[in-house]
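There are 4 protein chains.
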Amino acid sequence: MTATSTAFDFKVRDLGLAAAGRHQLRLAEHEMPGLMALRAEFGPTQPLAGARIAGSLHMTVQTAVLIETLVALGAQVRWASCNIFSTQDEAAAAVVVGPEGTLEAPAGVPVFAWKGETLDEYWWCTDRIFDWSAEAEAAGADWIGPNLILDDGGDATLLVHLGRDFEAAGVVPEAAAGDSGEYRVILETLRSSLAVSDDRWTRIAAELKGVTEETTTGVHRLYELHAAGRLQFPAINVNDSVTKSKFDNKYGIRHSLPDGLNRATDVLMGGKTAFVAGYGDVGKGAAEALRGQGARVIVSEVDPICALQAAMDGYQVSRIESVLGEIDIFVTGTGNKDVITAEHLQGMKHLAIVANVGHFDNEIDMAGLEAVPGVEKVEIKPQVHEWRLPTGRSVLVLSEGRLMNLGNATGHPSFVMSNSFTNQVLAQIELWTRPAEYPIGVYVLPKHLDEKVARLHLDALGVELTELSPEQSSYIGVPVEGPYKVDHYRY
Amino acid sequence: MTATSTAFDFKVRDLGLAAAGRHQLRLAEHEMPGLMALRAEFGPTQPLAGARIAGSLHMTVQTAVLIETLVALGAQVRWASCNIFSTQDEAAAAVVVGPEGTLEAPAGVPVFAWKGETLDEYWWCTDRIFDWSAEAEAAGADWIGPNLILDDGGDATLLVHLGRDFEAAGVVPEAAAGDSGEYRVILETLRSSLAVSDDRWTRIAAELKGVTEETTTGVHRLYELHAAGRLQFPAINVNDSVTKSKFDNKYGIRHSLPDGLNRATDVLMGGKTAFVAGYGDVGKGAAEALRGQGARVIVSEVDPICALQAAMDGYQVSRIESVLGEIDIFVTGTGNKDVITAEHLQGMKHLAIVANVGHFDNEIDMAGLEAVPGVEKVEIKPQVHEWRLPTGRSVLVLSEGRLMNLGNATGHPSFVMSNSFTNQVLAQIELWTRPAEYPIGVYVLPKHLDEKVARLHLDALGVELTELSPEQSSYIGVPVEGPYKVDHYRY
Amino acid sequence: MTATSTAFDFKVRDLGLAAAGRHQLRLAEHEMPGLMALRAEFGPTQPLAGARIAGSLHMTVQTAVLIETLVALGAQVRWASCNIFSTQDEAAAAVVVGPEGTLEAPAGVPVFAWKGETLDEYWWCTDRIFDWSAEAEAAGADWIGPNLILDDGGDATLLVHLGRDFEAAGVVPEAAAGDSGEYRVILETLRSSLAVSDDRWTRIAAELKGVTEETTTGVHRLYELHAAGRLQFPAINVNDSVTKSKFDNKYGIRHSLPDGLNRATDVLMGGKTAFVAGYGDVGKGAAEALRGQGARVIVSEVDPICALQAAMDGYQVSRIESVLGEIDIFVTGTGNKDVITAEHLQGMKHLAIVANVGHFDNEIDMAGLEAVPGVEKVEIKPQVHEWRLPTGRSVLVLSEGRLMNLGNATGHPSFVMSNSFTNQVLAQIELWTRPAEYPIGVYVLPKHLDEKVARLHLDALGVELTELSPEQSSYIGVPVEGPYKVDHYRY
Amino acid sequence: MTATSTAFDFKVRDLGLAAAGRHQLRLAEHEMPGLMALRAEFGPTQPLAGARIAGSLHMTVQTAVLIETLVALGAQVRWASCNIFSTQDEAAAAVVVGPEGTLEAPAGVPVFAWKGETLDEYWWCTDRIFDWSAEAEAAGADWIGPNLILDDGGDATLLVHLGRDFEAAGVVPEAAAGDSGEYRVILETLRSSLAVSDDRWTRIAAELKGVTEETTTGVHRLYELHAAGRLQFPAINVNDSVTKSKFDNKYGIRHSLPDGLNRATDVLMGGKTAFVAGYGDVGKGAAEALRGQGARVIVSEVDPICALQAAMDGYQVSRIESVLGEIDIFVTGTGNKDVITAEHLQGMKHLAIVANVGHFDNEIDMAGLEAVPGVEKVEIKPQVHEWRLPTGRSVLVLSEGRLMNLGNATGHPSFVMSNSFTNQVLAQIELWTRPAEYPIGVYVLPKHLDEKVARLHLDALGVELTELSPEQSSYIGVPVEGPYKVDHYRY
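Protein chains in written order, with this note's numbering: chain H, 67 to 557; chain Z, 67 to 557; chain V, 67 to 557; chain E, 67 to 557.
Check each hint, because a few of them may be wrong.
Which copy? The list can't say, so a pair holds if one copy fits it or any two copies do.
[Said to hold, decoys possible] Below, simulated BS3-like cross-link-like pairs (lysine-lysine); rule was C-alpha separation at most 30 Å, straight line:
1) K403 - K551
2) K513 - K443
3) K403 - K513
4) K551 - K513
5) K275 - K513
6) K513 - K181
7) K181 - K447
8) K181 - K403
9) K403 - K415
10) K415 - K443
11) K443 - K275
12) K415 - K447
13) K403 - K443
14) K447 - K403
15) K447 - K551
16) K513 - K415
17) K513 - K447
Read the hints as simulated data drawn from the structure, not as lab findings.
Chain H with its partners taken away, still in its complex shape:
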């Protein structure tokens, strides 16, 4: 039995969703002009021929278009989700079956992801994207590893680094007292691996030409790894492409936050008082969306520059403690932990809604909430829970405190993801075709590629771009074809 069929059999065939998924892919392709343009531009030259990509990123319909774009450019791919709740099963099924395949003869990409994984299952899936034995067998090779990672949040990268460290140490350490449940699962996963092979992760790490990382949190981890001298391969920080961070984070959240609130609760946002923790790109998008629906928005910030921006944009800026009892809807998007504590949760209005659109579920102290004596958790519907508190009041927590735009809605819409993923594909091409340019380190894409991503999305929106005249180009010292801005330009 091949790994492909394993993934397929494990969950997907039962669901029988492939056909529905293929339908959705077709519509998504219409909304992802950047990726389709890359297929047209690079399909003939196959720049990713020979690339073997281990992908860990929310397994949605949009990701399916990304995966098939990578394949269209010559890559081999294996995929897992980077979140236990975010998989759209029909998208996973569609990718496994592939554009030409059937349920009996899948011709797509092995995907290890389904909606509602346990943590054990999650890390098993992540492990699977590094196991290319089926491909080795098919190629008649003794062993093959992936040579590129496409990561979101850094879990795949983390697994390689930890695996290699423990192999070097010869042992996987015991979990320490304060370690999270999830970290214990990772240790267990690697302990099983070490029992089978003492150099699996070492070989994988050596084979990897680099990783392209999607999100703030993953990028932060990469900079930390590199600062500590531990980074094993080059990394491209896709998150900080303008067409990613300023589009995915801001415009994506602007779209998906109200979508998730609606699907979860159907509550009118108009007239409500909403609290947005963090006024980075995510918070800016969240605040704009809520205001656009007629909510009064109060923002909190730790960074005085962002706080001043929020004030200049007309928002009240307050500490959560100052306004706790006035708020109907809480939204966290800080990238930090304990932004909403168990104590905060107990001081809120009855049936206040609490939602997280930052990266990890610890923005809201869910563990602390669970530990409140006498608290009761009632499922209103999947991903919507009423927590009845000893105070007699309840709070509604969405998606268990995880990313509500993925858990309660369908994540960022295709057009936004087309920007992010066009960056991803260009970054994969950079690492694969120009390795000499990228010694171990963390890089952002050169500005001309960032601008290219934007350019590939203009026609679909009916945008007419003005062109510099040669005289204007010369006057400001900027080439007619760009790049148009200095690197530190902030947009």
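For chain H, the structure is supplied; the task is to place chains Z, V and E on it using the hints.
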């Protein structure tokens, strides 16, 4: 077998959704402070005791809270939906079972409604709310009819008027050449009735103390009936209460239009060009919602005043023909027919989205679209259809051209409906308790009741109302407790 | 010496501003397409031939275009301002000189108005518009009175009514203890009149065919007069034309409030907290303008419907006392008195800005402020005063608490006034040409004229109006050419 | 006669505006909390003692507060404006007189600036800030030069570099055929200087410890100079502090664009179609302001990323040629030349308004406009000109095509400038007190100082900043006191 159990058995018991519905009702009650305040204020005095209400209004969770409020004020109620797609089955089930009932011993209200009725079924359901034989039997009476109608769109009122007319004529006419399919169903329904009784509708009409009508279209019909001298009982135009038309139409659509677009298509509105036909309250809400999501909005209008308002609010105002090929999302909210014709549909961009939030499905010429030679209709998912045109392009039509905010989403949110329905309850109380004030005619609620509806919704939003000092009250000649405005004030 | 030259000589010739004023009129005409269209449509038929109009309305550049439109339609006109601060002297001069006149041979309209009148001068000017002795002399008549009033705020109308009452009583009463200083001036004015003639106002009242009233306050007075059976001639309430109240009040204030704040203080609105008292049309425009500049806006309201609207539009709604110390900019637009009291003023932040855009200066208790022991008033520049309070803090009061959009800026812009004034001209034509339709009472313009006003302003904005097809017209029962809405429609 | 009295006598004493200026300074200080906080923090330690600052920056009230802050920190200062139209004479007078001085005994700073300089006067003024002979005389020194430049647009820096180059060459070259009129004036200025001294600019350049540059254009020149190896002293790029570029450019223009339009034209923006060339920070602020006033905004861009941002923010993005005839108001903010050409100007609507908020007046091809055969220029009022074109149409050009927010209004408001200028002061302190950190090159301020600028402005807006807990600080690896973001963060 009682009528109650008929309704219950017919669809609801099978669904087994009552418990889920009761859960949702509890949350909706929190968002409907106006109705809950009426229960508190009027529960003890039972002003609707003796009232027998035939209700025809979208059978949603919010309507469930309305129904149970009417019951809490002493009324007996029977209910149908006013739209074949808009019923939320779990809400219907919850109402049938009732707050105290069980599946085995339903203690609620007979509801005749389910999601996805045929036209035959729809008019059968509407007929059922006028059949109070079960209640007569329970009361040991020979015959009982409803004495109040609560209507949305006027179908229940229409049936009574047509039924009575045909009984007077002694015959139901044959359908004429141009008659719609739906009108033929109505004729058939009444033909069956006339076969059984030649005075059923005449007796019902005589018994009725009045109707309270929810929506523009129904109100329009009432004014026409009255102008023609045919109106049989007084009518209260709830639609034109400020707290209805300015809230339901505007703020409701602002909420539910993007919600429906998201659930139907997941398409990013940001950057798209959207066309909103009509800049009445519905169009104002639609345009604001789309702009709030970053769409560029183009408006069309026939009324120069509304057109000038749209321009002053910063929107481009164009005829649909002038911009047809630029538009990604079309929204109709005019109350008129053929706003988007089959010819328009064939000139649109590939995969343009077409959605109606006006009242009837003929805002978009669906019949004309079906009649285009070679057209193909592909279901993407329920209520989302791709129409493949002979031009090689497709359009995506939502909810078959019917109300997409009901078909693709869950309609107006509870808080908005709490305003509308608090008006409804007050209007029912007016007709029932002060019949002398309302000879046959069409009325709006007195302003002090309209203001009361608003007042009952302020605390939930944390609004502090300022109170006139006696000197201020005297200076402007307005009582401290209101009403605060002249009747023609426009808000 | 004729009255014309009196007005001219008294202030205007000295100013030598006529040429500058004529320049501004030419630009204003471009922004007043409604008035220019009326000149084109009605110039040939001279519907106002024979009309003698006594006008009392802010003597701005826009009013100059109105006056010359009235003349172009055949009327004779005399004019005063309705506010002591609002006259633009160059506009007054331009009107006196007239389009064809020179400083030596003025060929325009007698205007009695200059910026910065005393109350004595103000009422003398108002009296002058009723003295048509120069016109009588020119016509060889014994006596001529005006036969129409065009009023703003009702002062001209008030003078006629009081004058006639006192003539009937044979005596002007002594001022009572609580009478305002202004009322004392009125009494003195009429006392002088009565000394000269005992039937002057009685004759004038009898001659008048009606008044067209511009503003809320004046309309309120008219309804009160009529309710008391004291109204002497018909009145058209121009204020409540949709194209007036919804445009002048809302869009005019949206423009002129920030303009006045800027000219008065140059203070950045972005990031500031602003308080808007009243959420009628004026308050809606004020709040939108402040939010559009990045201010956080808090609204106060006494009417629960308007309060709920403010909340639905995303504003915090609070009583002034609850937020007094947080506010940087206070704006009143209620039409009521003592909205900001002397006590409020003493509790504000240092250098808080206080501005009134309602009608009368008693929205802010200026008398109370002056009476605070130890208060000191420092002129920063004309119409901007720092009031130093005994608390050690100061407040900045604009335009002495009177209309700051007139005192600190230039009032509503031409395009807005073109809407209001096109209504005024149509109303004057109605009263003059169809007196039988208007027995004594207070009327709004028929909807088709209101729609006509809007229609005359669309081309200038590039608005394309959609036209109903005959089928659509018939389907909704609305003529192709309008009127399109029922009278109670709220827009 | 001292230089101080020269400047003073030349223009200022005659104006007698000092007292009015001191009044305005007092109010401006209230709106410039950052500068006042620096006086409080650094006044006691006098970090700028010994610094001799040659300042070239718009001589407004806000700059006056900057100048007096520099003095309060120990510096000696001489000042010119960087624009011939932007000086507020009362501010210049107030600074010359000084807080403690009188007209007879000025105790302030020598200022060489007045509203409406000729180009000859402008460069004479700029030359004056480098002539410290009066200070030398007062100090009993043989020669003293400035040791710091505070520049806006780079004219002061340019003069030093050109002067030194020509001294090295021993000759000032003749103007070439294509040289601008302004460049010819510069050559003449330096030719006069060289006639007197052959090492004046060489000594000045050697003495200078650096320049702090305010604006995009000046920064661009500095990077070019440095890239060419010609930069003579270190430069701090104040423009690219977040609290400068994101606040001054965006929020400043949002404020001052509508202010300038209002003061120049009083034209209603609502309903108009406005064109904004450039969607950088300036364009973003312009577009937001116009939309906030109800205009429909069309944007043009050459950079695909900014173009995509504009689309995502809901604006139509078009080339100017595509929409030329639809536009009522044109605004340029690109930093490039010939954005609006003479040909464009001739194709516009009658009385279209044309305004520039970019840096130089060549964004609009004024020279080309003047050269149109038969064109006629009519002054409506100062800084507002109607250009009558041979087409029979006119355009209204504001401020002769120069910065209209300075020419037609009063520039950025104090609060915005407080951000920019707090950066300036901190940058001057950096260059003066830590020269070792800044070898020749172009630098931005370290992030912790940028954040400090923001922090000093929060209290005035009532902003509550949230503080990281130690656990949160450690979790994200960011100090509690900041800096909070990586250098490439875009805000």
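Contradicted hints - numbers only: 2, 6, 11, 15, 16 and 17
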